Structure formats: C-alpha cells, structure tokens
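J.: As they're listed, the protein sequences go chains L and A. With the numbering used here applied, the first sequence covers 1 to 251. With the numbering used here applied, the second sequence covers 1 to 653.
For the record, the hints were derived by calculation from the structure and aren't laboratory data. These numbers come from a predicted model, not from an experiment. For every residue, glycine included, the Cβ atom is placed at its ideal position computed from N, Cα and C. Take the hints with a grain of salt, since some may be wrong.
What the hints assert, rightly or not - Anything over 12 Å on all C-beta distances counts as not near chain L; from chain A, calculated:
id, residue
1, T36
2, Y188
3, S360
4, A536
5, K541
6, E603
Said to hold, decoys possible - Once the Cα atoms are required to be at most 30 Å apart in a straight line, the calculated DSS-like pairs of lysine-lysine come out as:
id, chain 1, residue 1, chain 2, residue 2
7, A, K484, A, K37
8, L, K78, A, K385
9, A, K510, L, K11
10, L, K4, A, K572
11, A, K408, A, K269
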Amino acid sequence: MRLKLRIWRQKNAQSEGRFVDYNLDGVSEDSSFLEMLDLLNQQLIDRNEEPVHFDHDCREGICGMCGLMINGIAHGPKAAVTTCQLHMRVFKDGDSITIEPWRAKAFPVMKDLIVDRSAFDRIVQAGGYISVNTGQAPDANVIPVPKEQADRAMDAAACIGCGACVAACPNGSAMLFTSAKLAHLNSLPQGQAERFDRAVLMVNQMDAEGFGGCTNIGECEAVCPKEISLDFIAMMNRDLLRASLMGKGKR
Amino acid sequence: MSVTTTQTMTEVPTFVEATLDGRVPSGPVQTMWERTKFEMKLINPSNRRKFKVIIVGSGLAGGAAAATLGEQGYNVECYAYQDSPRRAHSVAAQGGINAAKNYRNDGDSVYRLFYDTVKGGDFRAREANVYRLAEVSNAIIDQCVAQGVPFAREYGGMLDNRSFGGAQVSRTFYARGQTGQQLLLGAYQALARQIAAGTVKMFTRTEMLDLIVINGRARGIVVRDMRTGEITPRLADVVVLGTGGYSNVFYLSTNAKGCNGTAIWRAHKRGAYFANPCYTQIHPTCIPPVGEHQSKLTLMSESLRNDGRIWVPKQPGDTRPADQIPENERYYYLEEMYPSYGNLAPRDISSRAAKRQVDSGRGVGPLRNGVYLDFADSIKRLGEKVIRDRYGNLFDMYENITGENAYKTPMRIYPAPHYTMGGLWVDYYLMSNIPGLFVIGEANFSDHGANRLGASALMQGLADGYFVLPATLPNYLASTKLEKVDAGADAVKEAVANVQNITQRLMNTKGTKSVDHYHRELGKIIWEYCGMGRTAEGLQKALQLIPELEAEFWENVRVTGTANELNQELEKAGRLVDYFELGRLMCIDALNRNESCGGHFREEYQTEEGEAQRNDTEYAYVAAWEYTGDDRPLLHKEPLKFETVKLATRSYK
Chain L
1 MRLKLRIWRQ
11 KNAQSEGRFV
21 DYNLDGVSED
31 SSFLEMLDLL
41 NQQLIDRNEE
51 PVHFDHDCRE
61 GICGMCGLMI
71 NGIAHGPKAA
81 VTTCQLHMRV
91 FKDGDSITIE
101 PWRAKAFPVM
111 KDLIVDRSAF
121 DRIVQAGGYI
131 SVNTGQAPDA
141 NVIPVPKEQA
151 DRAMDAAACI
161 GCGACVAACP
171 NGSAMLFTSA
181 KLAHLNSLPQ
191 GQAERFDRAV
201 LMVNQMDAEG
211 FGGCTNIGEC
221 EAVCPKEISL
231 DFIAMMNRDL
241 LRASLMGKGK
251 R
Chain A
1 MSVTTTQTMT
11 EVPTFVEATL
21 DGRVPSGPVQ
31 TMWERTKFEM
41 KLINPSNRRK
51 FKVIIVGSGL
61 AGGAAAATLG
71 EQGYNVECYA
81 YQDSPRRAHS
91 VAAQGGINAA
101 KNYRNDGDSV
111 YRLFYDTVKG
121 GDFRAREANV
131 YRLAEVSNAI
141 IDQCVAQGVP
151 FAREYGGMLD
161 NRSFGGAQVS
171 RTFYARGQTG
181 QQLLLGAYQA
191 LARQIAAGTV
201 KMFTRTEMLD
211 LIVINGRARG
221 IVVRDMRTGE
231 ITPRLADVVV
241 LGTGGYSNVF
251 YLSTNAKGCN
261 GTAIWRAHKR
271 GAYFANPCYT
281 QIHPTCIPPV
291 GEHQSKLTLM
301 SESLRNDGRI
311 WVPKQPGDTR
321 PADQIPENER
331 YYYLEEMYPS
341 YGNLAPRDIS
351 SRAAKRQVDS
361 GRGVGPLRNG
371 VYLDFADSIK
381 RLGEKVIRDR
391 YGNLFDMYEN
401 ITGENAYKTP
411 MRIYPAPHYT
421 MGGLWVDYYL
431 MSNIPGLFVI
441 GEANFSDHGA
451 NRLGASALMQ
461 GLADGYFVLP
471 ATLPNYLAST
481 KLEKVDAGAD
491 AVKEAVANVQ
501 NITQRLMNTK
511 GTKSVDHYHR
521 ELGKIIWEYC
531 GMGRTAEGLQ
541 KALQLIPELE
551 AEFWENVRVT
561 GTANELNQEL
571 EKAGRLVDYF
581 ELGRLMCIDA
591 LNRNESCGGH
601 FREEYQTEEG
611 EAQRNDTEYA
621 YVAAWEYTGD
631 DRPLLHKEPL
641 KFETVKLATR
651 SYK
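Can you make the complete structure from the sequences, with help from the hints?
T.: In structure tokens, the structure reads:
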C-alpha cells in the first residue's frame, strides 16, 4: 500500500520542530506501524538523509518504550494496543497519516518523536514501592490474598508506563499512571502499612513534575493500551482524602 | 601455560591443557551454599558505603542486584540503555517463574528442581550452581510476594501454579501472561526506593562500550551518553554485568530490538572468557515470520502448551484450512513421540520436532512455515472463558499481529531464537576470570547447561540478583586489597580512546548500505548454519561468509548523522560490529563440539530416531574461549563432574 506521511522532525530539544511530508510506497499490510517506519527510514538512509528517530524496544507491547500520536490519537486508531502492536491492515491504501511525539509539558521532546519520560520514574521513586529489604520476607503463602484483590492489583499493575494517558489528556495529567501504581500496591495486604503516605508522596511528586490535574475527561482510559480503569483515579482520590484527614505523607 | 597447537584451526582449536577451575567448594551440594555463605568474608555495615559498585543492566538480575546492594549500604551506580530501568527486556517474559515450594503437594522438592534442571540442560551445567539455584528459588517467591508482585491466586487466597516444559510437577508461579513484567516491576520498585534513598545512582540512556582493567582487575567501564554522544570513563571497585543475552545476533529473534551483546563482548576482548557461545535456545512457540519487512519475532508463551495441542496434517502438502482436516488426518506429533511429556516436551526437543515437520512438507499457513497450536479441545472441555482468563492477553496479541482469532482457528507457531545459555564464564561465585568482574543473569553461562527449561530464566536472574551476588561480591571486596585508581591512568585513557576510535571509524566509513542491511545478512548466515541444525560443513561455510560480510561492512556501511547527538544508527552499528565477531565465535564453538546436546544439534550426531547424541567421554566440559586478538581464540576447558545426578541419556518418552 501507498501512504502520505506527515511526520514531526526536530533535531534536538533546543531546536524548533516542524512537520515534513513523505510519500511511502510498498508498505505491507501485515507489517506493524513501526515496521512501516523502518521502511521509511531505510529509504531515507538510501537517500543519505537522517532517519526518523523514535523510541521502541520489545515490539511486543509490554516494555512501554514506544508511543506515537497517530492522527491525533495516542497509539493510533485501534483500541487497547501500543504503537508497536498496531498493524497496517487497519489503514487503507492512499491514507494520510500524521505522526507526532507525545505532547506534554512534563515530557520534553528530545529528538523527532522521542520524548523524555523520566518524570514517571521520579513519581515511583517518591513512594511507588513496598519497603521490604531482600531477605525480610515471610513465606509467600502466610498472608492469603483474596482472588478479587489480587486480580484488581494485577489490573492496575498491568500499566506499562508508556505515557499515552498524559499525551491524550488535554490537561497533560498523569493521574491515570499514578493512580494505577497506587491501586496496585494499595489493593494488597502487603501494601497497607504505607498506603496513605504513598498516596500523598506520589501525588506531590506528580504535581512537582508539572503534570496537570484531572477533570474527568476520560481520554486517558480511552487510549490506554492496557485498558487501565478510570476507577483507580477515584480510589486514589479517596485515599488522598483519608490521608489528609490522618495527616499522612510527612515522612 | 602449556598450549597444544594443531594445523587446521577450524577442525580442532588450540586449547590450554591446564583445566579451568570453577572454584566449586568441596563437599556435598546439599550443604555447600550454606557453608560457603558462612565461610565468605563480610564487610562491616559502616564501611560498605566506601565501596563503589558499577552494575550494567537493570533487568531482573541487574535491577535486583542494584537494589539489594543498595539496601546493604554499598555505593551503587546502575546503567541502562533504555529510558527507564522498568523497560529492561525481562519485562517481556510471559509464562512464569519456577520454585520448589511444593505447594501442590505433587512431589516437588529442591532436589527435584535441581535434578530437572540438570537433566533439562542435557548434563552440560555445573551441578553446584544448579543446586544453589534450586535452593534459593523459594526465597525469591517470598521476596516478590512481599514486594507486592500480584501473582495469580486461588479463591482461598493461596498462590496458584501451572506446569511448564520438562517437568512433571506444577511449580510455576505466574501473573497472568505478564510474569516477567510484574517481577521486573518488583525489582524496579525496590530499585526506585534505593534511588530515592541515595544509595543507587541511576544512569538511563547510557550504554557501556568498554571495560576498564587496571593491574588485572576490573575497575570501571567506558560509557556513551546516548542523548549527547559524550564518552566518559566511570571508575569503581567492582563491575557487575547483567546485560542479558545475544539472541539478536540472528537479527530476527524474540529479543527486544535494543538487546545486545556489546557489554559482554567488549569485556571478552579485555580478557573475560566466553563460555559455550553455541548454546542458543530456539523457542518452539513463536509466530512464524510473514515477509521481508519483519523486524522481530514474537513469542507465544510456553504456558499455552498446557492447554494447546500441537499438530500438523498427516499428509505432506495438505493445504486445506485447519477446520477441514478431519481428526484422523492430523498428526499430534509431540503426543505420539513423547507420550509422558506430550505437548510439554522441553524446548529444544519441541523445536526440532517442529522443524522436522515443516521440512517434511507438513508446514501450515500461507508460507507453509508453521505448525498448529490448537485450543479447540480445551475450549470444549473448559469453556472459552477459562481459556480467556488464562491466556487472554496472548490471544489478543496473536490477533493483533496475524489478524486471526485463535479462539476460532488454531494458532500457527514456529521456533525462533529466544535465549542464549552461553555467556561470559563465571566461577561458583559468579566472578569471571577477570578479578572484580562479576556476571549475572542471562549474560553469564552458568546454570542452564545446553538447554534452559521454561520459567527458569526469571528464577536465575532473580537468584543471582537478590541472593547470590549480594553474598559473593562482598567476599571479593573484603578479601582484596584495592589500590586507588584515577581517570588519568593509562588503561583508562586507552579504553576511552578505543571507544572513540570505533565510533570515528563507523562515522567515517560513509558507505552506501544501512546497518540493518548488514545485520539482516549476518542473521541469515547464523540462522542457516548455526541455528536449529548444524553441520561441520555448514559451520565452515559460515566461518568463511561472516568475515567476508564483516569486511564489506567496514568498507561500505552508511551511518547517518553525527557522533555527538542522539543517533540510533550509530548505536545499532556499534552493536553489529560485535555481533560479527560473536557470531564467528558461535560457529567456532559449534564446530568444536562434535556432539549434539540441548540447543546445540549437530546433524552428524543423532540417534536413529533423530534425538540428540551426546558424547560424554570427550565433551563433558564447559568450552571457555579466550580472546587472542586474531581469528584463533584459545580454548580453556572446565571439566563437568556429575557426582549427584547420574549422567544419563535424556528421555521424555
């Protein structure tokens, strides 16, 4: 198939970016979206031009490294997939496709389609863990975890940290990401000791990184490749309220 | 040292007569690790922060080690090429992690896990290491649960288990089809806690490009900041590599695109022995390739073989769709050939069986390059909902990639490069032959012999990272007098210059063909001649073709952009430089090993039924190769002694 591509090119963080148009021919409908970009890059290299830089790694939808705005939708038109798992058969011959990086204040563009998402790591560092040193653990079956709790924790823990939620949100909010980590740990008996401190500390860091607030638009849930539920944001807000009544988060 | 030389290097390589010593403590394996832990020296808690530890890699092995050493109070630096430690390729492991908990009361024990692993590895692993691995497996599950890893549970709240290949017990713990992701997030969170505490400094988008060796000891690394291109030395008291395997030498593999062998290969060129490079695992259940644009292959978890039945049409050349082939015209070859293990036969055996079916003209799918993995019987027995609960995400992934619904038509699968059992040689203490250089996880060679069993990679990565290295590394620091080193040392300047030279040479070649072009060509050679079936003739051909391709690469590769910026073409080129050399060593090793064992199948050495034929008299050793600077690496042999498990022909019938 033949495509008209409009791609954001930006030399580095300091320079201005712009859209560049490319015509690409010979795309297999069995190829993935990133393989389509590989083909474009091969042709650019053959013409001695710089290929389009984009982040990617596992190409099986789990590492969270890839992420592109495709025709204005984070990870493209197909629900519940990452960019690498989007395949060209969802497009038609002759389609125009606009490709942009994640756009958010807290995710500065580094080059072309690559952004800096280290703010997510710092949110986790603020409290997204259970404080247990190696060697301190009791036998794994000592504390039974009811299946519904374990399943809810797993639903939340499925987040891959790709940042699509932030990119899709008109406010550039990271509430879905932060609440997913909180819901994962706060749903489990092991996570109770630090539950309310964790909520306050992670949310404080999220705000410090320059992410916006949530106004219940729901774009984040709609584009999330792992279908993380908006309910987790509600759970986070409940925990935050209780935490503030308890005076938590000061450690 | 005494060296034996022979005339033709491709036939019999030069080897060192003195045997290589794995420093395995004496006494029975059952009590060895407990005793060793007591005998090893310790570092006082208040002194630990004075020691700087560099850890390269942030996956299950590297991430767990960095977190644990940070908790103990060491001054740790951790390096990763990804933008976050949470993205290391351990994240992609699907099926599960083994442990000898025996929660199912089905006859499991530390000894049985040990026995299964030694046998599964086709008697080419070091017994002492494998026993220790089985011994610490239970503590891993405890630790992960305490960290909040959401393993699958039964309704009573207890941990659930499933079965994996090469075992007759249910000992695999899992978190849906995302076990690797969840275990990695556990390690990542523990690491995040130490980063916040200031014990670990994390460097992302930073790639190790050389090892610094001063007075015979590993004292640092040279890194390239992938954002700016800046090349700098980083010095330390000890260096740990947890950089994963080298399956991407095949170009098409299930590894992430960025996975590479550069850290271990450049350490090899600084003197670290490379052990058993020809032991590569070809995973039986991957989605078959569809065309030239293919950039990687995707694994479908081995756990699917719990409920899926593998078959091909009995008649070669049968092109009817699966649902039009009646039951009596289907060949369930694994169930027929290996009745006691059936569809859960180990990976090497299942892969070769699939290859034989496809080679005999029974392949299925548009390119006739796959076999069926059929869930119809399980769906009939258990209902679609149960299957969806167990494997939903895998079925979704399959549909995304192929456009086919596996609840309705059988999946098509074919073997693909997946894991490398070979790696840098380490002793019992996980230290390479270069003092102060430790190697953990897939990057070392130690525990899986010639074939790794399913759900054992996660176990080994975490065993090394959480429990083994944090016990053995302090022993090295406590028993070694380390002199001060500074960035002005000649060895440091030389290593930095070496990296700059390679970079400049790549940038200056200014040829016409892309890096990917050459990588694809190299992959074809290795897959053809050093893949699932190998022959002396084919390997010799590969040893001719690889240097030719490598020479052409250096003449004609085109690396766009500049060295002083984010440049993905330059990153790929640097990795490919090492794959040429590593691929060559794989072939030399495969040619030297005149037997078939595990993932190494030499066509010349097979039984009448086509099973691997080992030669224990001549090849029960670890082949550890020393880099010599020319094309004749030097072979060191570590003899393998089987004192606990009796050497036997592996049978899964």
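J.: Does each hint hold? Answer for all of them.
T.: Verification of the supplied hints:
1. The beta carbon of A:T36 sits about 17 Å from the closest Cβ of chain L, which is more than 12 Å, so the claim that it is off the interface holds.
2. For A:Y188, the non-interface assignment is contradicted: its Cβ lies about 7 Å from the closest Cβ of chain L, within the 12 Å cut-off.
3. With a closest Cβ-Cβ approach of about 26 Å to chain L, A:S360 is found to remain outside the 12 Å limit, as its non-interface label requires.
4. Residue placement check: A:A536 keeps its beta carbon more than 12 Å from all beta carbons of chain L (closest about 35 Å).
5. Residue-level check passed: A:K541 sits 28 Å from the nearest beta carbon of chain L, beyond 12 Å.
6. With a closest Cβ-Cβ approach of about 32 Å to chain L, A:E603 is found to remain outside the 12 Å limit, as its non-interface label requires.
7. A distance of roughly 28 Å separates the Cα atoms of A:K484 and A:K37; the hinted pair therefore holds under the 30 Å criterion.
8. For a cut-off of 30 Å, the pair hint linking L:K78 to A:K385 stands: about 23 Å separates their Cα positions.
9. Of the pairs offered as hints, the one joining A:K510 and L:K11 holds, with about 21 Å between alpha carbons and a cut-off of 30 Å not exceeded.
10. For the suggested pair L:K4 and A:K572, the alpha carbons sit about 28 Å apart, so the restraint of at most 30 Å is met.
11. Under the criterion of a C-alpha separation no larger than 30 Å, the hint pairing A:K408 with A:K269 is inconsistent with the structure, at around 52 Å.
Taken one by one, the earlier hints fail for this structure at numbers 2 and 11, listed in ascending order.
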